[in-house]
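Participant: Residues per chain, in single letters:
2 protein chains.
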Amino acid sequence: MQILLLSGGSGKRLWPLSNNSRSKQFIKLLNSPDGQKESMVQRVIRQLGESDLKGHVTVATSLSQADVIYNQLGEYIDVVVEPERRDTFPAIALAASYLKYEKSCADEEVVVVMPCDPFTEAGYFKVIEQMVHAVDDNVAELVLMGITPTYPSVKYGYVVPDESKLKGGIFSVKRFTEKPNVATAEYLIKENAFWNGGVFAFKLGYMMNIVEQYIRAVSFSEIRSRYVEFPKISFDYEVAEKAQSVAVVPFTGEWKDLGTWNTLTDELSEHTMGNVIMDEESENTHVINELELPIMCVGTRNLVIAASNDGILISDKNKSENIKTYADLLQYRPMFEERRWGEYKVVNTAEFSDGYKSLTKQLKIKSGKGISYQLHRHRNEVWTFIDGEGVLVLDDIRSVVSRGDTVTIKKGVKHAVRAISDLTFIEIQSGDLLVEEDIERFDYKW
Amino acid sequence: MQILLLSGGSGKRLWPLSNNSRSKQFIKLLNSPDGQKESMVQRVIRQLGESDLKGHVTVATSLSQADVIYNQLGEYIDVVVEPERRDTFPAIALAASYLKYEKSCADEEVVVVMPCDPFTEAGYFKVIEQMVHAVDDNVAELVLMGITPTYPSVKYGYVVPDESKLKGGIFSVKRFTEKPNVATAEYLIKENAFWNGGVFAFKLGYMMNIVEQYIRAVSFSEIRSRYVEFPKISFDYEVAEKAQSVAVVPFTGEWKDLGTWNTLTDELSEHTMGNVIMDEESENTHVINELELPIMCVGTRNLVIAASNDGILISDKNKSENIKTYADLLQYRPMFEERRWGEYKVVNTAEFSDGYKSLTKQLKIKSGKGISYQLHRHRNEVWTFIDGEGVLVLDDIRSVVSRGDTVTIKKGVKHAVRAISDLTFIEIQSGDLLVEEDIERFDYKW
Numbered sequence: 010m011q012i013l014l015l016s017g018g019s020g021k022r023l024w025p026l027s028n029n030s031r032s033k034q035f036i037k038l039l040n041s042p043d044g045q046k047e048s049m050v051q052r053v054i055r056q057l058g059e060s061d062l063k064g065h066v067t068v069a070t071s072l073s074q075a076d077v078i079y080n081q082l083g084e085y086i087d088v089v090v091e092p093e094r095r096d097t098f099p100a101i102a103l104a105a106s107y108l109k110y111e112k113s114c115a116d117e118e119v120v121v122v123m124p125c126d127p128f129t130e131a132g133y134f135k136v137i138e139q140m141v142h143a144v145d146d147n148v149a150e151l152v153l154m155g156i157t158p159t160y161p162s163v164k165y166g167y168v169v170p171d172e173s174k175l176k177g178g179i180f181s182v183k184r185f186t187e188k189p190n191v192a193t194a195e196y197l198i199k200e201n202a203f204w205n206g207g208v209f210a211f212k213l214g215y216m217m218n219i220v221e222q223y224i225r226a227v228s229f230s231e232i233r234s235r236y237v238e239f240p241k242i243s244f245d246y247e248v249a250e251k252a253q254s255v256a257v258v259p260f261t262g263e264w265k266d267l268g269t270w271n272t273l274t275d276e277l278s279e280h281t282m283g284n285v286i287m288d289e290e291s292e293n294t295h296v297i298n299e300l301e302l303p304i305m306c307v308g309t310r311n312l313v314i315a316a317s318n319d320g321i322l323i324s325d326k327n328k329s330e331n332i333k334t335y336a337d338l339l340q341y342r343p344m345f346e347e348r349r350w351g352e353y354k355v356v357n358t359a360e361f362s363d364g365y366k367s368l369t370k371q372l373k374i375k376s377g378k379g380i381s382y383q384l385h386r387h388r389n390e391v392w393t394f395i396d397g398e399g400v401l402v403l404d405d406i407r408s409v410v411s412r413g414d415t416v417t418i419k420k421g422v423k424h425a426v427r428a429i430s431d432l433t434f435i436e437i438q439s440g441d442l443l444v445e446e447d448i449e450r451f452d453y454k455w
Numbered sequence: 010m011q012i013l014l015l016s017g018g019s020g021k022r023l024w025p026l027s028n029n030s031r032s033k034q035f036i037k038l039l040n041s042p043d044g045q046k047e048s049m050v051q052r053v054i055r056q057l058g059e060s061d062l063k064g065h066v067t068v069a070t071s072l073s074q075a076d077v078i079y080n081q082l083g084e085y086i087d088v089v090v091e092p093e094r095r096d097t098f099p100a101i102a103l104a105a106s107y108l109k110y111e112k113s114c115a116d117e118e119v120v121v122v123m124p125c126d127p128f129t130e131a132g133y134f135k136v137i138e139q140m141v142h143a144v145d146d147n148v149a150e151l152v153l154m155g156i157t158p159t160y161p162s163v164k165y166g167y168v169v170p171d172e173s174k175l176k177g178g179i180f181s182v183k184r185f186t187e188k189p190n191v192a193t194a195e196y197l198i199k200e201n202a203f204w205n206g207g208v209f210a211f212k213l214g215y216m217m218n219i220v221e222q223y224i225r226a227v228s229f230s231e232i233r234s235r236y237v238e239f240p241k242i243s244f245d246y247e248v249a250e251k252a253q254s255v256a257v258v259p260f261t262g263e264w265k266d267l268g269t270w271n272t273l274t275d276e277l278s279e280h281t282m283g284n285v286i287m288d289e290e291s292e293n294t295h296v297i298n299e300l301e302l303p304i305m306c307v308g309t310r311n312l313v314i315a316a317s318n319d320g321i322l323i324s325d326k327n328k329s330e331n332i333k334t335y336a337d338l339l340q341y342r343p344m345f346e347e348r349r350w351g352e353y354k355v356v357n358t359a360e361f362s363d364g365y366k367s368l369t370k371q372l373k374i375k376s377g378k379g380i381s382y383q384l385h386r387h388r389n390e391v392w393t394f395i396d397g398e399g400v401l402v403l404d405d406i407r408s409v410v411s412r413g414d415t416v417t418i419k420k421g422v423k424h425a426v427r428a429i430s431d432l433t434f435i436e437i438q439s440g441d442l443l444v445e446e447d448i449e450r451f452d453y454k455w
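Line order of the protein sequences matches chains A and B. Start counting at 1 in the first sequence, then tack on 9, and there's your number in our numbering. Start counting at 1 in the second sequence, then tack on 9, and there's your number in our numbering.
In short, the hints are calculated from the structure, not lab data. Some clues are possibly wrong.
No copy is singled out in the list; a pair is fine if it fits within one copy or between any two copies.
Heads up, simulated DSSO-like pairs for lysine-lysine below, C-alpha to C-alpha not over 27 Å straight-line [claimed, not checked]:
| no. | residue 1 | residue 2 |
| --- | --- | --- |
| 1 | K366 | K378 |
| 2 | K366 | K37 |
| 3 | K366 | K354 |
| 4 | K420 | K373 |
| 5 | K373 | K354 |
| 6 | K46 | K366 |
| 7 | K378 | K420 |
| 8 | K373 | K21 |
| 9 | K373 | K419 |
| 10 | K135 | K37 |
Keep in mind that this is a model prediction, so the values were computed, not measured.
Generate coordinates for the entire structure from the input sequences, incorporating the hints supplied.
Facilitator: Structural data, given as structure tokens:
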């Protein structure tokens, strides 16, 4: 059995803790059993491990999320990166091709597709087990999870079951209804419709037959290189609604989309995280502070306050769904990112009247990891090492660097660094153009 | 005629825009006629210049405020620095001694003592003129300004006038009452009492007679060196309440103490200052953002939000007087300061498990100004110049520095820099002890 975890979304709804590089599923706010904080995707991976599902996980995602996935889930997770963003059908088609051609899975192997960010409980994974058995038993070509609606939501698609049970709590699907209006949603709930939770199970061969209607190829790399030939369409439209036989397994337990600050703060165990002072008159206020500087709340009520190097949000909890509109107006570069090698944050920027710019970062490279061999055409960099030890390469010359060392990297000079122990340094960039894209990468044999 | 401007207070009430180095009178939030922003002390100095008072201004202050006063009022202002903080009587006694011994003022010269932070209008300075004439005409030994109360405040001292006018709108003073309770304040207002606005006029000789009761000396430097011999007592108790003849000149115009966020925001012409996004549903919210990162307000109501490198405040406007209690709990070093030579802000700090620390600053030195020749025992510094040009001295060796230059200053190395043009650089401090006090200064002949 194979599990395909879909990780997408650019997630400005949880600004400033989510940005173009860190979608909501990567924010570490939830309590994990070991007393640490974990992100939504880390929680789902942990829950998969705790369940009886003995599947191997592959994450289907975009290039912008690959680094943070390796950072949070480890180097050994399988990641399939879309060459470009299209829709869920092409993403799942590409990942299925990966399973067939790269992991040599058989056509009979059951594949479970699931989102990476539901906030749910162990029963959810029991239902997935039932879905896998149903596919194995050929109950239907496609088996999906139906979530028992708790209110007439207009955000979800609905699945209308057939009156007659197929077997053991599994229904056959009469029809799908995409996001309805409230009146229709109320009617659907009376019909015992479920929310479509975005969890699907099928046999790999079933999906590959559909893939081959668009791209007939003999390798994963060929399919990937012809990715644009897949139509921009959702899995629901292209697969679920066209399937000959579809079954739905209901899940009645806790299932939440923590996609807005209002829903997310309901699940937080503390009212404050980070450097926060809150007076005794403050009420129903949640503060999440990723900055070093203190946040003080005096007499605040019904607010969510969140601060990162990207910005500071102060929102009435009931208005927090409006954030995205305003966050989309902000066209800044990300001011913090998790990368495969570690993380950085921008701590200062300056621009002068003649257009010359300066940007200061703090970077942390994990022990054993490194930054690729690269050069910049438009900027100089000064690195000052403040913790740990590493190997520096400057135009092919190696040296060991540690605390107290400062190196100047003029534009055009090739450079790389690899951490011997966890390495922290301050980087000062300066020049006329300071963008992440000003980078040429080279191979280097460590 | 001489004007003594008293500048004191550590002002945590306007945290995070005020801190131990920047008291409330130095925050630049008020509109000046040239379309720029000015601080309370800059506003008073401007208003003095616009009035008919042809006096010379001397500022009496503490060491911690001297730099910011020079920065905001210019190098040519006379500043008398208390050797230590005592109270208003010693501060005024020291400044009077300065006028006598350093500025050679005559005993007959009229001295006006005034606070540096009233928010008031031109009529206030007209009243000061009347006070000067009254002293000149020997109407009383001491003449003070009475502010017409607008409510029974318990924050101010009250001055009870004699029924009978002395002459031309001037009353003789029957008695003083220090900060009363509300009931007493209401009674005082029925008696036509005034608030004591802290503006006093007297002849220099009168004050020097009182000074000599404590310290009999022949020079300012001697009086300054014996400063501890002055009792820790206010001018009101030591001088005003003991005076033989005291007169009060009423001022009926606008006079406000912008000492809390609630009163200050009433005088701001804009609801937002700095990088702020506010949605249309936000109401009665003021945001002052001195940080680069954006602040977004969604559906906020009746809030004051202020952000600086010291921290971020979110307060209900009606609760803003509670801030000081909580701000006093914060025992951070100031994260930004105005200095005689320019200004700095701390943009990043890091501390590692073995106690090693790093602190990154951005410094701006004004053209022609410089940082004194100094060394540090506990920290290394790396300076990277990002704008302007300067002369650097490292262990007596001079060089010219500009954009793109990086210098490493190891502990124990004497260093200074002087700006040829406005000079900006990033400083990375690192070591086991990073405090402003780790400094030894040396003379250097530029």
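Participant: For each hint, tell me whether it holds in the structure or not.
Facilitator: A quick look at each hint next to the structure:
In this assembly of identical chains, K366 and K378 lie within 27 Å of each other by CA distance solely across copies; the values are 23 Å between and 29 Å within a copy. When the C-alpha separation of K366 and K37 is checked against a cutoff of 27 Å, the pair qualifies only between copies, where the shortest distance is 26 Å, while the shortest distance within a copy is 32 Å. Taking the shortest alpha-carbon separations for K366 and K354, both the intra-copy value of 17 Å and the inter-copy value of 18 Å come in at or below 27 Å. In this homomeric assembly, K420 and K373 come within 27 Å of each other (Cα to Cα) both inside a single copy, at 22 Å, and across copies, at 25 Å.
For the identical chains of this complex, K373 and K354 are neighbours both inside a copy (9 Å) and across copies (23 Å), given an alpha-carbon limit of 27 Å. Proximity of K46 and K366 under a CA criterion of 27 Å is satisfied inter-copy only: 25 Å between copies versus 36 Å inside one chain copy. For the homomeric pair K378 and K420, the shortest alpha-carbon distance inside one copy (24 Å) is at most 27 Å, but the shortest distance between copies (32 Å) is not. In the homo-oligomer, the alpha carbons of K373 and K21 lie at most 27 Å apart inside one protomer (25 Å), although the nearest pairing across protomers, at 35 Å, exceeds that limit.
Both within a single protomer and between protomers do K373 and K419 lie at most 27 Å apart by alpha-carbon distance, with minima of 21 Å and 24 Å respectively. With identical chains, the CA atoms of K135 and K37 are at most 27 Å apart within one copy only, with a shortest distance of 25 Å there and 62 Å across copies.
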